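**Q** Sequence:
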Amino acid sequence: MKPIFKFFVLLPVIAGCATSSQMAVDTEVRRLCAIDGGIRVYETVKLSADKFNQWGQVNFYRPTQGENALGPSYLLKHERRLLIKSQSEPSHELTMVREHFTVVRKADKKVLGETVLYGRGGGGYFGAMASIQL
Numbered sequence: 005m006k007p008i009f010k011f012f013v014l015l016p017v018i019a020g021c022a023t024s025s026q027m028a029v030d031t032e033v034r035r036l037c038a039i040d041g042g043i044r045v046y047e048t049v050k051l052s053a054d055k056f057n058q059w060g061q062v063n064f065y066r067p068t069q070g071e072n073a074l075g076p077s078y079l080l081k082h083e084r085r086l087l088i089k090s091q092s093e094p095s096h097e098l099t100m101v102r103e104h105f106t107v108v109r110k111a112d113k114k115v116l117g118e119t120v121l122y123g124r125g126g127g128g129y130f131g132a133m134a135s136i137q138l
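The opening position of the sequence shown corresponds to residue 5 in this note's numbering, with each subsequent residue numbered one higher.
Hints are computed from structural coordinates only; laboratory data are not their basis. Values in this document were obtained by computation on a predicted structure and should not be read as measured data. Treat the hints with care, since some could be wrong.
Within a straight-line C-alpha distance of at most 30 angstroms, the following computed DSSO-like cross-link-like pairs (lysine-lysine) qualify [said to hold, decoys possible]:
(1) K81 x K55
(2) K113 x K55
(3) K110 x K50
(4) K50 x K114
(5) K50 x K113
(6) K81 x K113
(7) K6 x K55
(8) K81 x K50
(9) K110 x K81
(10) K114 x K81
(11) K110 x K55
Could you build all of it, start to finish, from the sequences and the hints given here?
**A** Okay, structure coming up:
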């Protein structure tokens with residue numbers, strides 16, 4: 005087998021291998037997710053039929069509206085915290101983030117539900133590779 009052919013056969017295998025720093029951050033992502041990650045529903049709200057389209061999908065979600073993405077009755081709050089950011093080249097930069105989404109009813113300011121997720125990005129030899137835990 006020609007050496008160049010061996011190189012191209014092994015390249016995907018090498019590119020797919022996680023570095024030790026990636027594995028350490030992935031372990032931390034799993035640990036933190038087990039502590040406080042996931043979805044919590046505090047109150048279920050029954051929506052009327054006019055809130056859905058003909059395929060049963062909600063028709064009031066507007067992601068470009070920020071906190072008002074859920075319409076006039078609810079707030080969608082989003083907090084993103086950068087927990088780790090390595091000091092390497094941008095193409096190899098290793099990061100770990102915590103994302104927290106909260107749905108609040110505007111009328112009484114009651115939290116209806118929330119979700120927390122952790123994720124790791126970058127740290128690879130060939131650009132950003134990601135691992136998100138929910």
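**Q** Would you mind marking each hint as holding or not holding in the structure?
**A** Okay, the hints, checked on the actual structure:
{"no.": "1", "hint": "K81 x K55", "in the structure": "holds, 21 angstroms"}
{"no.": "2", "hint": "K113 x K55", "in the structure": "holds, 21 angstroms"}
{"no.": "3", "hint": "K110 x K50", "in the structure": "holds, 16 angstroms"}
{"no.": "4", "hint": "K50 x K114", "in the structure": "holds, 16 angstroms"}
{"no.": "5", "hint": "K50 x K113", "in the structure": "holds, 18 angstroms"}
{"no.": "6", "hint": "K81 x K113", "in the structure": "holds, 12 angstroms"}
{"no.": "7", "hint": "K6 x K55", "in the structure": "violated, 62 angstroms"}
{"no.": "8", "hint": "K81 x K50", "in the structure": "holds, 21 angstroms"}
{"no.": "9", "hint": "K110 x K81", "in the structure": "holds, 12 angstroms"}
{"no.": "10", "hint": "K114 x K81", "in the structure": "holds, 13 angstroms"}
{"no.": "11", "hint": "K110 x K55", "in the structure": "holds, 17 angstroms"}
Checked against the numbered hints above, the structure violates only hint 7.
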